[in-house]
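Asks: Since the structure of chain A is already known, use the hints to place chains B, C and D on it.
Number of protein chains: 4
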Amino acid sequence: MKIGIVGGKGKLGSIVYTMIQSSDDKIEGIIIENNNELIDSIKNADVYIDCTTANVFMQNYDAYTKNGKPLVIATTGFSDMQLKHINQLSKVIPIIKSANFSIGAYKYLKIIQYAANVLGDEYRIGIIEKHHKYKKDRPSGTAKEMIKVITEVRPNKIIDVESIRLFDIVGEHELYFYGIGGETIELSHKIFNRESFASGAITAAKWILMKQNGLYSISDMLE
Amino acid sequence: MKIGIVGGKGKLGSIVYTMIQSSDDKIEGIIIENNNELIDSIKNADVYIDCTTANVFMQNYDAYTKNGKPLVIATTGFSDMQLKHINQLSKVIPIIKSANFSIGAYKYLKIIQYAANVLGDEYRIGIIEKHHKYKKDRPSGTAKEMIKVITEVRPNKIIDVESIRLFDIVGEHELYFYGIGGETIELSHKIFNRESFASGAITAAKWILMKQNGLYSISDMLE
Amino acid sequence: MKIGIVGGKGKLGSIVYTMIQSSDDKIEGIIIENNNELIDSIKNADVYIDCTTANVFMQNYDAYTKNGKPLVIATTGFSDMQLKHINQLSKVIPIIKSANFSIGAYKYLKIIQYAANVLGDEYRIGIIEKHHKYKKDRPSGTAKEMIKVITEVRPNKIIDVESIRLFDIVGEHELYFYGIGGETIELSHKIFNRESFASGAITAAKWILMKQNGLYSISDMLE
Amino acid sequence: MKIGIVGGKGKLGSIVYTMIQSSDDKIEGIIIENNNELIDSIKNADVYIDCTTANVFMQNYDAYTKNGKPLVIATTGFSDMQLKHINQLSKVIPIIKSANFSIGAYKYLKIIQYAANVLGDEYRIGIIEKHHKYKKDRPSGTAKEMIKVITEVRPNKIIDVESIRLFDIVGEHELYFYGIGGETIELSHKIFNRESFASGAITAAKWILMKQNGLYSISDMLE
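Protein chains in written order, with this note's numbering: chain A, 4 to 226; chain B, 4 to 226; chain C, 4 to 226; chain D, 4 to 226.
Hints listed in this document are in silico derivations from the structure and should not be mistaken for laboratory results. Just so you know, these numbers come straight off a predicted model, no measurement behind them. Hints may contain errors.
Repeated chains share a single entry, so a pair holds when one copy, or any two copies, can fit it.
[What the hints assert, rightly or not] When the alpha-carbon atoms are kept at most 25 Å apart in a straight line, the in silico DSS-like pairs for lysine-lysine are as follows:
1) 14 - 214
2) 147 - 136
3) 214 - 12
4) 151 - 113
5) 113 - 69
6) 209 - 12
7) 94 - 69
8) 14 - 136
9) 138 - 193
10) 151 - 110
11) 193 - 136
12) 160 - 138
Isolated chain A, as found in the complex (with noise of 0.2 Å):
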């Protein structure tokens, strides 16, 4: 099985690169930079994952569509109109599509969900969530979903959200259930670089190779 890389060279796809070329399975990454004639010339991979940009995936769709081969779409900021260009591909073939490929970070979605369903209305709830210092939006988009995820089964609890944006942390989430005499229930995730994406980015590429052409989820590979 060879995986195409396309943006092999940038942040996340090397990392990805590097561990398929580590790995102990039966697979071979290619590189592929950020180049739409690059990308016309190469035939020869299974799979694609793109973890490029939005403009340079779009440079890179003609390219997709003729090459008709499963795609993990890894890239974000994509526009409203970019989207429906996404959906209309996952006509032609299988894609799978997340902001974040951390297989951890859902399944922590998962684990306070579950958590707050337990532990019932005597505890307040707090989230720290710490980032890089160049990190400009508050709360962090996770931070967000675990609200939600919350919500869904505490409707009408308050949850009090602090940031920290401070060195070069990658990301840490912090969930407290606080209850009588201080009592405290604490979960938290933290990456501390980007492998766990990749490996998440990984994952997915194994397991559109098998799907039908439409547009999948996360949540559709791990239920």
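Replies: This is chains B, C and D only, laid out in the frame that chain A set:
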């Protein structure tokens, strides 16, 4: 509703008493010292919480039998023979018995079992438990229960456990799932005083009041 | 030795009283309620700890003057005019005054200054301070003092500060030195109740008893 | 300036090499494999960093003598006899030798000694050190040094040490001062990779270049 606190001047008993007195509920606490003559003389509580020792409990055994009121046993360290007597007593009165009335700890075990199930086999699992310097046994009873509930869903998993005995730490249990690139999901439970035990014992007193004769556990109460 | 605790039924005063009563030292505490008539009538303490409010303190001003006994002022929030009065009072009696009698916090500031000096410029510096949800100001007064003592030895250093307001956190300050490869030196100070404040005020009461008239600070006592 | 990295393909050596190559300084790294014939043939480095093993070092002993260039020894595990040889060698060339070139760890020891001195006897002291599962010795060498420097200023203090061996933890040392009411001052040092060791060895290489013959330690360099 009157709650008789047998051993009401001990560590746990005195917190139970204070918590009842400062409660908004219409409940009243009666301190009964660790003395089988005293308990004989007090007939006017609706339910009893026993926070003594195994031996004192046995001295009061006849009083509980004659008294005929529902009973919460928060005392620990019974011999097998003593446990048989308790079983016998539960044919005459309703009894709820637990080594640990922390409802939070009970729910924590449910959460970690769910997490072990969801997270699959890609994560390594480790436990750190922390208690005060004078706790002799390693690992703690709760750590052993953690291993048990995880092993129920992940039978072949190696689970490393490390113990810290330092200062006056009341009780902290940390469970780590450790994945690719150091990705870490931590689930921890920390208590800083015995209030959560006291609170659980009071909840149990209210619950056992409505029950038929029999021997109940904290899981009967919470499921 | 008798210590008069003015405001002895308040948050801090009641802890001071309990701590004195359970002390092994031959000291005795006298609760004096927040009332200037009461203080007038009590002459038999050797030293006073004032834990009231700025306004109540001023009502007792004349009593302190006539009384002529040494004084610990643990009260805060004085206006400039009131501070001038305190200065005036210190010409008649010995006074030690501090916004925070935590000796640990004072020593913590010394330790972090030493560390900032030793560690040099290769480390990035960040502070996280955590307090309960109802504390309005960000960052905390102690965080500002931390920046001040670090800046004294590292004048041009950028120090990032982040604040957490969650639950009932009494007071936590964390200082991070962040170096090559993520190497981290953390220096933190955490309190979980007001006992360290009370303990410092009692230490100050013993110390001020032996002093000449004048206005002293916690650093006079500890240097 | 050219730095010869003897053992440049090993764990530490390869990080030293990468770090030199990506440095802004005008320095160049030369990888010398663990082979005494190779080292003989390379004469053109200005200073050498030895990151091999005690035995390989001894095989290169004659080459270092003839070569006559300053030397950083980051290798450990020498026998007493081998240490005598190193001492002998230091009469011919300048040598700096340390079991641990982490400058941060060295400064951390200074900070904790200062803290132990400032904080006085009212605090209980405890250490938690954490390393990967495959580290056999408990407690770590650094934990022993921590006890040594604290004991120099607090001779009669009991210091409890607990060890955690879990996952791939590179090295974490936590020192706790535990006071009244649970007040806690924590001083910790954490590394997540060997970059701080490599960085210290390079700093040492620059420093030893300017020195007279003799055997130097990391404290000679930093004081």
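Asks: Each hint needs a verdict: does it hold in this structure or not?
Replies: Hint by hint, here is what the structure shows:
Within a single copy, residue 14 and residue 214 get their C-alpha atoms no closer than 28 Å, and across copies no closer than 42 Å, so neither meets the 25 Å cut-off. In the homo-oligomer, the alpha carbons of residue 147 and residue 136 lie at most 25 Å apart both inside one protomer (19 Å) and across protomers (20 Å), since each shortest distance falls under that limit. Taking the shortest alpha-carbon separations for residue 214 and residue 12, neither the intra-copy value of 28 Å nor the inter-copy value of 44 Å comes in at or below 25 Å. Proximity of residue 151 to residue 113 under the C-alpha cut-off of 25 Å is found in both arrangements, the shortest distances being 11 Å within a copy and 22 Å between copies.
Taking the shortest Cα distances, residue 113 and residue 69 never come within 25 Å of each other, neither inside one copy (38 Å) nor across copies (50 Å). Taking the closest pair of Cα atoms, residue 209 and residue 12 come within 25 Å of each other only inside a single copy of the chain (21 Å); across copies the shortest separation is 34 Å, beyond that limit. Taking the shortest Cα distances, residue 94 and residue 69 sit within 25 Å of each other inside one copy (13 Å), while across copies they are farther apart (73 Å). Taking CA atoms no more than 25 Å apart as the test, residue 14 paired with residue 136 passes inside one copy only; the shortest distance there is 18 Å, against 31 Å between copies.
Taking the shortest alpha-carbon separations for residue 138 and residue 193, both the intra-copy value of 16 Å and the inter-copy value of 24 Å come in at or below 25 Å. For the identical chains of this complex, residue 151 and residue 110 are neighbours both inside a copy (15 Å) and across copies (22 Å), given an alpha-carbon limit of 25 Å. Taking the closest pair of Cα atoms, residue 193 and residue 136 come within 25 Å of each other both inside a single copy (16 Å) and across two copies (20 Å). Proximity of residue 160 and residue 138 under a CA criterion of 25 Å is satisfied inter-copy only: 21 Å between copies versus 28 Å inside one chain copy.
When each numbered hint is compared with the structure, violations occur for hints 1, 3, 5.
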